[in-house]
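Spelled out, the chains give:
Number of protein chains: 2
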Amino acid sequence: MALVVQKYGGSSVADAASIKRVAQRIVATKKAGNDVVVVVSAMGDTTDELLDLAQQISPLPPGRELDMLLTAGERISMALLAMAIANLGHEARSFTGSQAGVITDSTHGKARIIDVTPGRITEAISAGQIAIVAGFQGVSQDKKDVTTLGRGGSDTTAVALAAALNADVCEIYTDVDGVFTADPRIVPTARRIPRISYEEMLEMAACGAKILHLRCVEYARRFSLPIHVRSSFSNREGTWVVAARNSDSDSEGSEMEQPIISGVAHDRSEAKITVVGVPDKVGEAAAIFKTLADAEINIDMIVQNVSAAATGRTDISFTLPGADGPTAMNALQKIQERIGFESLLFDDQIGKVSLIGAGMRSHPGVTATFFSALADAGVNIEMISTSEIRISVIVRLDDVDAAVTAAHRAFDLDADQVEAVVYGGTGR
Amino acid sequence: MALVVQKYGGSSVADAASIKRVAQRIVATKKAGNDVVVVVSAMGDTTDELLDLAQQISPLPPGRELDMLLTAGERISMALLAMAIANLGHEARSFTGSQAGVITDSTHGKARIIDVTPGRITEAISAGQIAIVAGFQGVSQDKKDVTTLGRGGSDTTAVALAAALNADVCEIYTDVDGVFTADPRIVPTARRIPRISYEEMLEMAACGAKILHLRCVEYARRFSLPIHVRSSFSNREGTWVVAARNSDSDSEGSEMEQPIISGVAHDRSEAKITVVGVPDKVGEAAAIFKTLADAEINIDMIVQNVSAAATGRTDISFTLPGADGPTAMNALQKIQERIGFESLLFDDQIGKVSLIGAGMRSHPGVTATFFSALADAGVNIEMISTSEIRISVIVRLDDVDAAVTAAHRAFDLDADQVEAVVYGGTGR
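Protein chains in written order, with my numbering: chain L, 1 to 428; chain R, 1 to 428.
I should point out that these hints are in silico values taken from the structure, not numbers from a laboratory. Everything hinted at is true.
Note that the list lumps identical chains together, so a pair holds whenever it fits in one copy or between two copies.
Here are the simulated BS3-like pairs of lysine-lysine, each with C-alpha atoms no more than 27 Å apart in a straight line: (1) K30 <-> K144; (2) K31 <-> K20; (3) K143 <-> K30; (4) K143 <-> K110.
Computed from a prediction, not measured in an experiment: that's the story for all the values here.
Turn these sequences into a full structure, and let the hints steer you where they fit.
And the structure:
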């Protein structure tokens, strides 16, 4: 008998009909002889509606109370899901994050999981019950206050709970059939990736693939917990996220048979800031990035031009989440006089296209093939960044689709026919 | 410094604007030098909306999950109220029933409070914070599951918490200025009752006055906790519900000065069942009422006709909550053959009008005055029931208004001018 942890996102439980459909899937898993623990998000737009209510009350609500408010969302969906399962003749018990033993720090709005003590879940399983757990929430270790985990929170709850319960698999249900070699909305012939390593998935997530959150993949890798990403609208196999395929313990396939590139990811949410005319002295760049770090801004790529000998000045460009743009510009303006740079340029008409694959470690020609493909497609490269299993480039926002398509074709990732079906409406 | 527990119902926190208004009242109480603990219900129609969702999922949802679902309602209102108070520059902390130490039995949907251990509330008060507590909910002692208290639950939470905290007063906010000598919608000249004893208030509540629930008044009486019923829309004094006015410890006024009658209550929600032609033998009536008790039906008044000597049969009439009518009729039909009665009559076109007043103990003429007034108004009396401080009669439903008006006038309860203002829309 296997222990399966399943996670359903908000679009999978958007209304009564969806909840009933999910309940049938859960019961089918149980009937197939598995113990089942389910992690569920708030229904569809509930969280946004609650946030809207909070905004009507206060422009800056206390984090503790905002968390108390938002956690009402999963309370509703989990209770309804338990009712739907009971209606199918199976016993289900819903549990809040606190009841499920999801212990966090006290950082309201983006709490980190410190420990998971799922005693009540284990009891429920032992009693033959299906346990339904509220995603995205926990209870703080010191103050016993309700907390939320922030973005990707429900996925993280599922993986953390699966690790603590020593589950056989954590199934993450979404509205597509798994992880694809590229976004099927851009590349209709994108292929489902049957297996991908934690490392590649981490790079994919960091480079804009929205299907799994970085944090939950990191958690799964730490505990070597297999994740199965699949559609809540079909019964097809999805994508297994597992330990690297070339590990000795993995008998399936050898690296020889793996494609060089697993997939092409893209991200339209970044922006670029250029600090123009920075005096080329020791410590100037450090001062700039210290300022940005103090403002809690995550920098992605950085490029520093070769200093023009005539002026003794240089330009520094970096990319960051577009939403952080105003904060970063404000912070930098405040140090303009002290640093003595000339001006600031803000550009949000950029996109990042990334090639990810463990295979590129042993195939030196990848960069050349990638850049040639972009050149042939008439796409200009503005910035470049690489890791051992990834190459990312910044291009014009308008060129993102062409770049993704060209890279996908250049590495023979296209399927013979269209495979991808997006089932839900608005995505996750 | 006094400790004040305030309770606000759903209509007082129906939307963002109402929540902000309530927050101002709470802050004003705090600024006046009081410690304040607030009990709050779910916003407006939230509970009905959640019930509707549950109905879409399952015709008979498990009580545990229904309680989990419904308690989301107070979670939302209490978090928003805490935010609104914070926005006014005061510290507020919201607490679920479980966090506030409201310990109940495990009867989901109508749990009884077993104990209140408000350690976290006391801590919050000591820290100078305003504590906001979810009404209507608790946690079960044995299973640690979330429970709801059923009808009148939020009032009961407020009184129980006030008793446990040894509060000076429990203020119950509603949409009228207090308890009136009659329903102002029927008798526009009804007067606000400034003080009323627990016993009289219990009789008023039991006889259809909806302003306070029986259960919360019982609780307050047991702990001699003063309740102040007042409007959340004005600053006027409301009605104080306190220990009997003729007690030795009460220096205010003597019984001489009290009106004989405190008020006239009415109830349109009852129905009458007549069991026709019951064989006049020992134990027949007992068998009938045993059947009803087994069906968990609360009987109010009972009348048995004098047996007709010719037939050896009698008729038994009783009143019950109208909603229990179908259940009662079904239960009785099942024993018709065994008991051998002739038929059943169901009549929901009745109303109950009750005269309540501790003063009637020492004024023997009350019944005569009451009945004369009804006769003069052309109202026929169908059934009569009395207690030491109450006389109730069953009349035709159409006669209720006339009976209330006549009784109110006969005991000089009319004010010189219209006092009552109903502020809210749909009541509580």
